[in-house]
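*Asks:* For what it's worth, the numbering used here labels the leading residue of the sequence shown as 2, then goes sequentially.
Each hint should be verified, as a subset may be incorrect.
Claimed, not checked - Each computed DMTMM-like pair below joins lysine to aspartate or glutamate, with the alpha-carbon atoms no more than 25 Å apart:
(1) K226 - E88
(2) K226 - D174
(3) K89 - D174
(4) K226 - E209
(5) K226 - D170
(6) K226 - D106
(7) K89 - D106
Claimed, not checked - Across the chosen pairs, the derived CB separations fall in these ranges:
(8) A101 - V242: 38 to 46 Å
(9) I103 - V242: 29 to 37 Å
(10) F225 - I128: 33 to 41 Å
(11) I128 - K226: 16 to 24 Å
(12) Q159 - V201: 33 to 41 Å
(13) K226 - W124: 26 to 34 Å
In short, the hints are calculated from the structure, not lab data. Just so we're clear, the structure is a prediction, and the values are computed from it rather than from any experiment. Built from N, CA and C at the ideal position, the CB exists for glycine as well.
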Amino acid sequence: TSKVTTAIRAWPDLLMIRNSDLVYRCMRKPALRRLTGPYEPFPTPFAHCQVRRFDPHMDATIAATGPERPAFRDAARVLTSVLSPLEKRCLIWLAHRMPARINSDHLTALALLAMVGAGLSYWWASINPWAGLLAVNVCLAINWFGDSLDGTLARVRQHQRPRYGFYVDHIVDAFGILFLVAGMSVSGYMSSYVGLGLLVAYFLLWIEIYLATYALGTFRISYFKLGPTELRIILALGNLVLLFHPMATI
């Protein structure tokens, strides 16, 4: 009797083909076709198939879960800012003394709330400059604590989640800078057009960083000896200058 070959499962890059008691795992090249009819040797497009004995339990597992995800390759971090050696020692010291009930997710949430608070404080500065601008600096310090310490805490405790951490951390950063620049734009100290240009420039820079991370496997955090910590310090100093020189003419 002739054997019947049937496509039993397909994904964008993987085709499972069952021929009676054999299963062929083939990388699909042309568009998927349903294969029926008498058994014939596979043509060239299937020459790269991997053949194994058909196992209904294994087949059910593969059909339910799909192809295995490739292992996540954590990018090498490049941080060459002025304060990075001191900052690294400080963060490790803090991580070892962090209460066990506090985890990385708590610190990430704290960093986001601090940026929301910084944006609201800039708005407050339009009413009460001293209180608002000083509150911004406090929020920037809290943001540094949460944003810089969450990854260090995970590494010290050996609780790394590279996929989750990379995605969540940078989504939070994107929303954080949005809240911060929006607050600056309504504070009266910055034109809304300048704020929009600053936001677009920031996002373009981070798009380039993320693409380079994916393509090269190197996550560069600092440029020209300036990293996120140095930028927070520069912004905080600028807020202090605003207390005494709120207007500038160009």
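*Asks:* The structure should be examined with respect to each hint, and the outcome stated for every one.
*Replies:* We went through each hint and held it up to the structure:
no. : hint                    : verdict
1   : K226 - E88              : 14 Å, holds
2   : K226 - D174             : 20 Å, holds
3   : K89 - D174              : 20 Å, holds
4   : K226 - E209             : 18 Å, holds
5   : K226 - D170             : 22 Å, holds
6   : K226 - D106             : 29 Å, violated
7   : K89 - D106              : 20 Å, holds
8   : A101 - V242: 38 to 46 Å : 41 Å, holds
9   : I103 - V242: 29 to 37 Å : 35 Å, holds
10  : F225 - I128: 33 to 41 Å : 36 Å, holds
11  : I128 - K226: 16 to 24 Å : 37 Å, violated
12  : Q159 - V201: 33 to 41 Å : 39 Å, holds
13  : K226 - W124: 26 to 34 Å : 32 Å, holds
Checked against the numbered hints listed earlier, the structure breaks hints 6, 11; every other hint is satisfied.
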